[in-house]
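Since the structure of chain A is provided, determine the placement of chain B with the ligands on it from the hints.
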Amino acid sequence: MIKFSEDKLNKVEELMARYPEGKQKSALIPVLHLAQDTFDGWLDVPVMDYVAELLHITPIEVYEVASFYSMFNLKPVGKYLFEVCRTGPCMLNGSDDIIEYIKVKLGVQEGQTTADGLFTLKPVECLGACGYAPMMQLGKTYREHLTKEKIDSIVEECTRAAAN
Amino acid sequence: MGVKLLLEHAHIEGIRFYDAYRKNGGYRSVEKALKMTPEEIVEEVKKSGLRGRGGAGFPTGMKWGFLAKPEGVPRHLVCNADESEPGTFKDRYLMEFLPHLLIEGLIVSSFALGSHHTYIYIRGEYVWVAEILEQAIAEAKLNGWLGKNILGTGFDCEIYVHRGAGAYICGEETALIESLEGKRGNPRIKPPFPAIQGVWMRPTVVNNVETLAAVVPIINMGGAEYAKIGIGKSTGTKLLSACGNINKPGIYEIDMTISVEEFIYSDEYCGGIPKGKKLKACIPGGSSVPILPANLLLKTAKGETRIMSYEGLADGGFTTGSMMGSGGFEVFDEDQCVVRHTMTLARFYNHESCGQCSPCREGTGWMYKILKNIEYGKGKISDIDLLWDIQRKIEGNTICPLGDAAAWPVAAAIRHFRDEFEWHVLNPAESQERNYGLAHYADPIHVPVAI
Ligand SMILES: Cc1cc2nc3c(=O)[nH]c(=O)nc-3n(C[C@H](O)[C@H](O)[C@H](O)COP(=O)(O)O)c2cc1C
Ligand code: SF4
Ligand code: FES
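Sequence lines, in order, name chains A and B. For the first sequence, this note's numbering assigns the number 1 to the initial residue and increments by one for each residue that follows. For the second sequence, this note's numbering assigns the number 1001 to the initial residue and increments by one for each residue that follows.
Check before you lean on any hint, since a few could be wrong.
Said to hold, decoys possible - A few chain A residues facing chain B, derived, Cβ under 8 Å:
id, residue
1, Ile29
2, Leu32
3, Leu34
4, Thr38
5, Glu64
6, Val65
7, Phe68
8, Ser70
9, Asn73
10, Gly88
11, Met91
12, Leu92
13, Gly131
14, Ala133
15, Lys140
To be clear, the hints were calculated from the coordinates, so they are not data collected in a lab. Fair warning: this is a prediction, and the values are worked out from it, not measured in the lab. Even for Gly, the Cβ is constructed at its ideal location relative to N, Cα and C.
Next up, chain A with everything else stripped away, as it sits in the complex:
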């Protein structure tokens, strides 16, 4: 059964109250973030339907938004999503090599997840960290000034965290 905890339902209420009367749809993106964080890192159709119900809007209004924004995953992703930036400024600082290294290290192509379901590699466009390139987003944080050694230790860190 898809349902937020009491705490999260309160958070939804609080988010909705930020916008004027009758404009509760404005809370859609913030609530979708909450839903994705809560339900395994992606937005399955029943999850989106649930969000629609909470905000008193139609499911199609949720689908059309969820499919527009690149942070919303409409398919399952690995526990650790490596979103490596490859736009110009990062490219000048070697992001191509970093992506290549991750592919070989994890044995995946762009967009794929490792067989154990732990890692997904997703090349993305500029994340606003161009001066600290190469970089990637991992969960709620940025990992900057990436090197092959750093990738090794991040993979190790994630593998260890997953085992616990």
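Relative to chain A, chain B with the ligands alone:
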């Protein structure tokens, strides 16, 4: 050392938090502004000559003057913290290290515009930055700078942080407004302008983070004093985010009187190019503005030293100049490939096009495909002209300026680096092994001398 108005206190321990911020003169501008009338504040901003720091450089005071004030309809100030233009990461720095400076600017600006519910629309990926802002807002509220009846003046104001979810187009103000309403980020056809019908069809002002932060020193020192800093219509200070091949990437506050050469080579700023390599090219104001080869970057076509001001960077128009844009300053050393870089930008704009207008939706995809062919040794000479033709047909033919923003980088790359494109086409095998290199891009340009 240049004047520091925004980053003056950035190095102080704990400045991210209220106590240190307040101890260092924080929130003085709110005390001052709330004793003025909203009109007087708008007047000071007009006098300051402040121009929007989001990219377009539109005079902020004038924009505020356009805000409609129909009786009984709430108005809103929305802070644009979407920051997604490649090369640009200055707003992140301000929000991450000086969140209270932005909050302070937002309170003064909200009072000036009559916004009781002000929103910060921040790009979704800046998760921790949004948390820092939420914390700063809570601190400000606890200390009586937000909420009901601020400083006993009867002015009520709340600030909310609203995270986006990954879409460059939501930096465009009408797309941002749509997104804030919980919709896809499809830009609106203007008119009506946001100043008349913006978010929830209410009069709305959208301003960049840095613009709103600059309101603090403007109120503290007075608009006329602020206007004395800089040259011409480039008043005050500007934040630049410097990246690419430089020794000291990061955020710099400049008064717009220094030369481009000083900015790149001085230790106070970028600190030169790593490993003593030579400068090949630069995109001085975010990925949408024209790339310039080294020779046209350091000197204008007239042979004068190029200055880091709105006018200086634009000197020569698009033929031989560029733009200040968002302040994303990206440096290329002699080993970089302009074709490959242009290809990544074409892919970026293709990915970010919202898809409403066919020239942008289709054209960005064609440009990416053609550039990919050239980059990977499968191009034809006629492809270069085809690229030129496509970009020309996108520019000016779309609902929002993303179309232009996608066209300009391709146009400028071909305009100034055509022989590098041709070399790729004519040497398909070699171009997979090595880059074209510096070639003649740093050679002095022949300037005709008047006799
Ligand atoms: C495609 C596109 C992306 C934009 N992205 C941003 C952005 O990330 N941040 C920003 O402040 N302005 C951005 N702008 C400019 C805004 O539309 C708007 O002009 C600006 O927020 C106004 O604020 P200002 O006058 O303070 O600069 C963008 C414009 C376009 C066309
Ligand atoms: S120019 Fe591109 S991004 Fe802008 S409205 Fe048209 S399709 Fe959308
Ligand atoms: S280009 Fe990679 S973070 Fe901006």
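Results of checking the hints against the structure:
1. Ile29: Interface hint status for Ile29 of chain A: holds (5 Å vs cutoff 8 Å).
2. Leu32: At about 7 Å, which falls below the 8 Å cut-off, the nearest Cβ of chain B leaves the hint on Leu32 of chain A intact, so it holds.
3. Leu34: 10 Å, violated
4. Thr38: 15 Å, violated
5. Glu64: 6 Å, holds
6. Val65: Result: holds, 6 Å to nearest chain B Cβ.
7. Phe68: 4 Å, holds
8. Ser70: For Ser70 of chain A, the interface hint holds, since the closest Cβ of chain B sits about 4 Å away, which is under 8 Å.
9. Asn73: 11 Å, violated
10. Gly88: Hint on Gly88 of chain A: holds, closest Cβ of chain B at ~5 Å, below 8 Å.
11. Met91: 5 Å, holds
12. Leu92: 5 Å, holds
13. Gly131: Hint holds; Gly131 of chain A Cβ to chain B Cβ min 4 Å, cut 8 Å.
14. Ala133: This interface hint holds because 7 Å falls under the 8 Å limit.
15. Lys140: 4 Å, holds
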